[in-house]
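> Sequence:
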Amino acid sequence: MFKIKIRSPSSFGAGGFENFEESWKKLESAIELIYEGKASKLSFEELYGTVYRTVLRKNSSELYDRVKSAIHLRLCDIRENELKISKGAYLSKLYEVWQDQCDCLRMISDVMMYLDKVYCKESRKPFVYDMGLELFRDDVMKPLSSLTHEMIARDINEGRRCHTSVDFDLLRELIGMMETLVDTDDSYYLTEFEPYLLKESAKYFGIFVQSHSLAPKDYINEVQRLLENERNIHTKFLNSDTSVKVLNVAKNVLITQNMHFIVDESLPVILDSHDLDSLKLLFGLCKEPGDQNNLLKQLRQIIVAEGLSIEEDVTQKKKAMVAVKWISEIIALKQKYDNILKDIGADNIRNTKSVSEAFSTFLNQRGKKSAENLALYIDFTLRSCKQLEPSTKTSLDHCVTLFKLLRDKDIFEKLYKQQLSKRLLQRRSSLDIEKEIIARMKEEVGIAYTSKMEGMFRDIIISQGYNVKFVQQEKLPFDYEVDVLTTTCWPFQNTSSPQDIVIPPKLERLRLDFENFYIKSHSGRTLKWAYHLGSMDIGFQFARTYHVLSMPVYAAIIFMLFENYNELTMQEIRDLTHIPEQELSRQLISMAVAPKTRILKKFPANKIIHASDKFCINESFTAPTLKVKVLTVMAKAEPNPQSYGDYAVAMKEVSDERTQLLEATIVSTLKPVKTMTHKSLFEKVRQRLSGRFDMPEEIFKDRLQYLIEKEYVQRDPDDPSVYHYLP
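For what it's worth, UniProt numbering labels the leading residue of the sequence shown as 1, then goes sequentially.
Bear in mind the hints are in silico, worked out from the structure with no lab data behind them. Using N, Cα and C, we set each Cβ at its ideal position, and we do this for glycine too. Keep in mind that the hints are not guaranteed to be accurate.
DEER-style ranges, computed between Cβ atoms [stated by the list, open to error]: (1) Ala-215 / Lys-317: 24 to 32 Å; (2) Lys-342 / Leu-726: 50 to 58 Å; (3) Thr-625 / Thr-352: 45 to 53 Å; (4) Gln-582 / Arg-715: 31 to 39 Å; (5) Lys-199 / Arg-106: 55 to 63 Å; (6) Asn-232 / Arg-106: 32 to 40 Å; (7) Asn-339 / Thr-625: 37 to 45 Å.
Mimicking DSSO-like on lysine-lysine, the simulated pairs with C-alpha atoms at most 27 Å apart in a straight line are [what the hints assert, rightly or not]: (8) Lys-297 / Lys-317; (9) Lys-469 / Lys-386; (10) Lys-334 / Lys-393; (11) Lys-475 / Lys-520.
Construct all of the structure, not just a fragment, from the sequences and the given hints.
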């Protein structure tokens with residue numbers, strides 16, 4: 001960065017002191033030569049010295065006024081003798097005069113630099129250059145404002161009619177000129193020309209509105225063309241702020257007074273172009289109930305169509321990533337319309353409810369797939385975040401919003417509890433974040449929906465207390481965690497782990513010690529060990545590298561056998577551990593066949609496990625990371641009965657639970673009143689179950705017939721549409 005330093009003349013020159021009038025004659029002559037284009041004949045150093053001496057002699061004020069008067073006279077002469085007599089090229093001449101004036105003012109300002117620095121700055125007077133611009137505004141622009149504005153507006157209207165003769169570059173320069181000229185607190189452009197332009201634009205578009213004879217659809221197309229054309233010509237000469245104002249005027253004239261034409265036809269166009277101003281206009285004008293209903297109906301249809309067009313990305317290999325991408329697009333779509341309503345100030349209860357109804361419509365048209373994808377999306381999000389950051393909270397808020405719109409909440413609950421159990425037991429998420437989303441669900445659907453999930457949290461938190469006390473008591477040199485689970489709260493209570501599993505002596509002692517520790521505080525209770533749900537981390541030095549192996553308890557039991565055995569067959573492992581054969585086969589495949597986790601060697605080296613196959617430690621195993629996760633492979637032939645995440649089993653459980661709940665609700669609804677019509681009973685039962693799932697009438701009829709056969713309900717013999725409760 002350079003700093004300019006003005007040096008004072010070393011002397012007053014050979015002529016000694018000059019009086020003011022002599023100095024002014026020199027300066028006045030210089031100003032005349034500058035305006036005549038003969039500045040090359042001047043010595044700016046000499047002129048600067050003259051100004052310097054004049055200022056030192058305390059003649060600054062007089063000099064400033066003389067300069068101002070000289071420029072004023074010159075501008076008045078230009079106005080009367082050059083601009084007023086110009087014919088068809090008035091705007092071109094005006095811009096030429098403006099350019100010349102700017103050049104002259106820059107040179108005069110250079111001469112008067114010391115006057116600016118000493119007098120103008122201290123007296124708070126405009127610098128000479130700025131004073132010259134003010135004079136141009138007052139002596140040229142304002143006296144000729146009517147003519148100037150009229151000629152510019154004429155050219156703009158010609159441009160709107162697509163006439164090619166319009167010089168948009170000239171218009172842009174003239175607007176820049178007016179923006180440069182300061183007028184009070186704003187520019188001349190804002191105080192003088194822009195209001196005129198807005199008024200003339202309203203007249204121009206008003207003529208079109210009064211003269212058109214188009215049908216609504218044709219009118220909409222023509223309005224769209226006019227607005228698009230207006231935007232296009234604005235880019236050639238107009239600043240963005242004024243462009244917005246002119247477009248608002250155009251929309252007001254073209255749309256506001258013709259609202260009855262455009263509700264159905266214009267809404268899709270406005271949404272496609274994200275024209276929030278026009279959308280705000282539509283919502284603002286739809287005051288009558290009929291128009292408002294029509295607008296919201298059209299909006300719902302657009303949202304439903306857009307939502308149904310979002311397809312699952314079948315190119316994704318992982319099911320979770322398919323769900324994540326699909327839900328992300330749904331959330332983005334919901335945000336889009338929520339933000340639209342918010343930005344246009346239309347986010348009232350009725351409008352937001354209408355948007356939510358549209359999302360509920362297309363989400364539930366996809367059936368249980370929406371519930372499954374949402375559960376997978378939340379699972380992915382919670383596994384990816386270790387603390388409740390603003391972005392995570394926002395994402396989960398969107399998930400809860402979609403959850404509210406699901407009719408099949410029981411399917412979501414079943415899948416969510418399965419995934420929650422895995423996250424809690426595997427320590428794959430933050431308890432604070434988990435509690436946050438469960439609290440939000442409870443707010444929406446009540447405590448009955450989340451009671452078992454909250455029970456799972458209680459088990460984990462209480463177990464953490466047990467573990468701290470147990471580790472302190474036993475002074476264990478390693479981490480040891482036991483989760484004591486209440487079977488009625490967790491989603492795998494129907495699965496069991498064999499209790500005769502033989503575990504390594506070290507682990508057996510720990511198991512017995514923990515049981516004794518637990519029973520001291522809870523006499524009368526018994527613990528059943530669910531080995532199939534646990535995991536272990538074992539550090540092992542292979543031939544080349546050391547790794548921490550994270551694996552299921554069953555796999556760890558197998559691996560620890562090789563502390564005492566160099567080689568074992570599958571049958572020998574089965575006899576030593578009592579692990580069920582199918583489970584043992586899965587674990588051995590994971591440890592000896594899976595390409596990334598071959599911590600055991602298998603003989604023969606094929607992918608099929610037989611009882612006679614031999615296994616030993618694979619000393620040559622290595623991996624790029626310190627920690628290696630040994631994942632249990634899924635059985636191909638049949639579902640694993642110990643898999644608490646099996647989707648088909650979950651859906652079967654949901655179906656059975658729905659049947660039981662529907663039958664109980666029919667009976668409990670009919671019992672207090674004894675008699676109800678079919679229609680009334682159906683509506684009340686459906687309403688009571690709406691928080692759990694959407695009940696089709698066919699299912700209702702089927703379960704009602706079952707209750708009639710079981711003599712809980714009786715059909716009226718005289719009126720088949722009436723039912724009676726049988727005590």
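> Hints first: check each against the structure and report whether it holds.
Against the structure, the hints come out as follows:
1. Restraint check, Ala-215 to Lys-317: a C-beta distance of roughly 53 Å breaks the suggested window 24 to 32 Å.
2. Checked against the hint of 50 to 58 Å, the C-beta distance between Lys-342 and Leu-726 comes to roughly 55 Å, which is consistent with it.
3. A hinted range of 45 to 53 Å holds for the C-beta pair Thr-625 and Thr-352, which are about 48 Å apart.
4. Between Gln-582 and Arg-715 the Cβ separation comes to about 50 Å, which falls outside the hinted range of 31 to 39 Å.
5. The hinted range of 55 to 63 Å is not satisfied by Lys-199 and Arg-106, whose Cβ atoms lie roughly 35 Å apart.
6. Between Asn-232 and Arg-106 the CB atoms are about 35 Å apart, so this pair conforms to the stated range of 32 to 40 Å.
7. Checking the proposed 37 to 45 Å range against Asn-339 and Thr-625 shows it holds: the Cβ atoms sit about 42 Å from each other.
8. For the suggested pair Lys-297 and Lys-317, the alpha carbons sit about 38 Å apart, so the restraint of at most 27 Å is broken.
9. At most 27 Å may separate the alpha-carbon atoms for a hinted pair to count; Lys-469 and Lys-386 meet this at roughly 26 Å.
10. This hinted pair checks out: Lys-334 and Lys-393 have alpha carbons roughly 16 Å apart, not beyond 27 Å.
11. For the proposed pair Lys-475 and Lys-520, the alpha carbon gap of about 18 Å is at most 27 Å, so the pair holds.
Of the numbered hints stated above, those contradicted by the structure are hints 1, 4, 5 and 8, listed in ascending order.
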